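Trainee: Mind docking chain X on chain E? Use the hints.
Residue numbers (the UniProt record's numbering), protein chains in the order written: chain E, 1 to 171; chain X, 1 to 526.
Just so you know, the hints here were simulated from the structure itself, not pulled from any lab data. Just so it is clear, the structure is predicted and the values come from calculations on it, not from any experiment. Heads up, some of the hints might be wrong.
As the list claims (entries may be wrong) - Okay, the calculated bits of chain X under chain E, using three or more residues with CB under 8 angstroms as the criterion:
hint	segment
1	80-93
2	170-179
3	248-261
4	318-332
5	410-420
Beta carbons: idealized from backbone N, C-alpha and C, even for Gly.
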Amino acid sequence: MWARAVWLGLRASAGGRRGFPSKAAHQGSRRVTAELIEHLERLALVDFGSQEAVARLEKAIAFADRLRAVDTDGVEPMESVLEDRCLYLRSDNVVEGNCAEELLQNSHRVVEEYFVAPPGPASCLMEEVLGTENMREEATSFIYVKSHQDLGSLLHQSLLLNPEGPQNHKF
Amino acid sequence: MLGRTLREVSAALKQGQVSPTELCQRCLSLIKKTKFLNAYITVSEEVALKQAEESEKRYKKGLSLGDLDGIPVAVKDNFSTAGIETTCASNMLKGYVPPYNATVVQKLLDQGALLMGKTNLDEFAMGSGSTDGIFGPVKNPWSYSKQYREKRKQKSHGENEDSDWLITGGSSGGSAAAVSAFTCFAALGSDTGGSTRNPAAHCGVVGLKPSYGLVSRHGLIPLVNSMDVPGILTRCVDDAAIVLGILAGHDPKDSTTIQDPVKPFTLPSLTDVSKLCIGIPKEYLTPELSSEVRSLWSKAANLFESEGAKVIEVSLPHTSYSIVCYHVLCTSEVASNMARFDGLEYGHRCDTDVSTEAMYAATRREGFNDVVRERILSGNFFLLKENYENYFVKAQKVRRLIARDFVNVFNSGVDVLLTPTTLSEAVPHTEFIREDNRTRSAQDDIFTQAVNMAGLPAVSVPMALSSQRLPIGLQFIGRAFCDQQLLTVAKWFEKRVQFPVIQLQELMDDCSSIFENEKLASVSLK
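One chain only, chain E, in its complex shape:
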């Protein structure tokens, strides 16, 4: 009984809007420019690899554009389904740790208790300014930055690109 009603309803509206997003036709979708590609590759630190990949991004964007059709006036964004509950904090007690050696084992390059990173872009410039003999060879844990505007902003960039956790993408 119920099924019939739905089934008949569907047949009646056949040719109307499909409930399923089929391979979308590009309707004035954004073209992905070379500039955008470079920007995305820089932010994501992965490359597209091929023209097909760029085409697939365009399709993905066109797909996402369907959201424009939804009326979201007065609707608050939902960040978590548990938004009505309190996020709690643990008490600030040390309950585990002392496993530096174990953790260091997973890295390909370590020196004593440091993870070793190759020099960042700021330090290449530092080398120019300070001279090679004054540069540390190894990890750039400490970068002495002179108050030089360009150097400072490059360092800032370098630090932003160093992911200790999820990046803040709001550049």
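Mentor: Same frame as chain E, but now just chain X:
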């Protein structure tokens, strides 16, 4: 013995009819015989045998830990397992050995379960076929079932029986195949958009996605923090309930787990469904739904109605936008989560050491496959300053509308929703790979991902075989944190439909010849 339910085997172990070591060895032997399915990435033979030995000691003293003591289980390879390689089927984590166990893994081990191994998946759980990992695709055991083969022989003669094998669905395909082929009694999967329920439906097993916040995600390598949930795959609903009872509960290490007390429960055997109200979302009746699934769905609804339940049509008005919304939110969160893979502290690291940027970029290019890289790039696009409001925040708003749709339906008196899980039965691999990963995911996740966005519990229960003699499952969706009620209804349904057992006996006897063929066929890696 391998075909029994958890409770039955547990009882047999207690009574001494079988020992944990025997059980373990039988499963290990079966894993070897079914190697061509490619369900396992790592088989932890030594670990399992040692655990079996300890379990045996406990049973001898009459001190078994519970229903899971001595029971072989498998874990999807995106859960961290201490001392056992955890790869996420990606070059990025190949060779990575975590120093800790995921909470859910620890809980299983604390109950005495035997860890058979880590199962195969799509790389980083992105995909709906379990075809896109570096260890190759997983094959659906039903491709080799007597039921399917006999039907195929009627249609085509003399064709190479193995060339058109079927996919398992994904991304927890390895876990589903492992359970379906009797190599373990339960397996952990993960469910972000349907990754547990989809392969469960295609492999004829039960796939449970618990409510978001009920089960800890600590140690589950994250994809989408606001939607990921550990999933449970078993051969019957009762078994899933047992495992859920063990896994559920607050974890101080995962602040998104709720603090309400949770106790293991026994599912009642429902006999009277007259007080039950089943909702059928009309928007799920799409033209793409195969006629067979549609008719089984209809049959299921009629079954409930004929037994006295109230079955009504309901509406989830934003259904058609749900997959788009999911696509935006998923890629955005993925872009953020994948940022941790930079080669410094763990995982793959490239050889270049010129500069951090060059090193990160090369490491990530070498470590991730196309699918992962594309999702990262898409996600970064949606998170750009100029796009943030129009795509990401917009999607978050649409998410609220979708979640609200469900709340409205449940508030109108509906207890459980009944929907299809997949559009059709499992398809052959050759057909599946004709479309790219994103398109396939968008198609295959259609009935499952809205549930993740609303954080609701859902379970796929195998109902019947298609005309091709392949499994078709249906999905039940419950109210948030009413997992027990959901499973009670699912159990009632399972009992009524009596889904047939997969007949793999011929396969086991015949396996040597199949195994030979497999050695010749090379696994294609991207």
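Trainee: Work down the list of hints and note, for each, if the structure agrees.
Mentor: Okay, the hints, checked on the actual structure:
Only residues whose C-beta sits within less than 8 angstroms of a C-beta in chain E count toward coverage, and the segment 80-93 of chain X has 0 of them, not enough to reach three; the restraint is violated. Against chain E, the segment 170-179 of chain X contributes 0 residues with a C-beta closer than 8 angstroms to a partner C-beta. That does not satisfy the three-residue criterion, and the hint is violated. Counting residues of the segment 248-261 of chain X whose C-beta sits closer than 8 angstroms to any C-beta of chain E gives 5, which meets the bar of three, so the coverage hint holds. By the rule of at least three residues with a Cβ nearer than 8 angstroms to a Cβ of chain E, the coverage given for the segment 318-332 of chain X holds, with 10 such residues.
Here the segment 410-420 of chain X counts 0 residues with a CB under 8 angstroms from a CB of chain E, which misses the bar of 3, and the coverage is violated.
In this structure, the earlier hints numbered 1, 2, 5 are contradicted, and the remaining ones agree with it.
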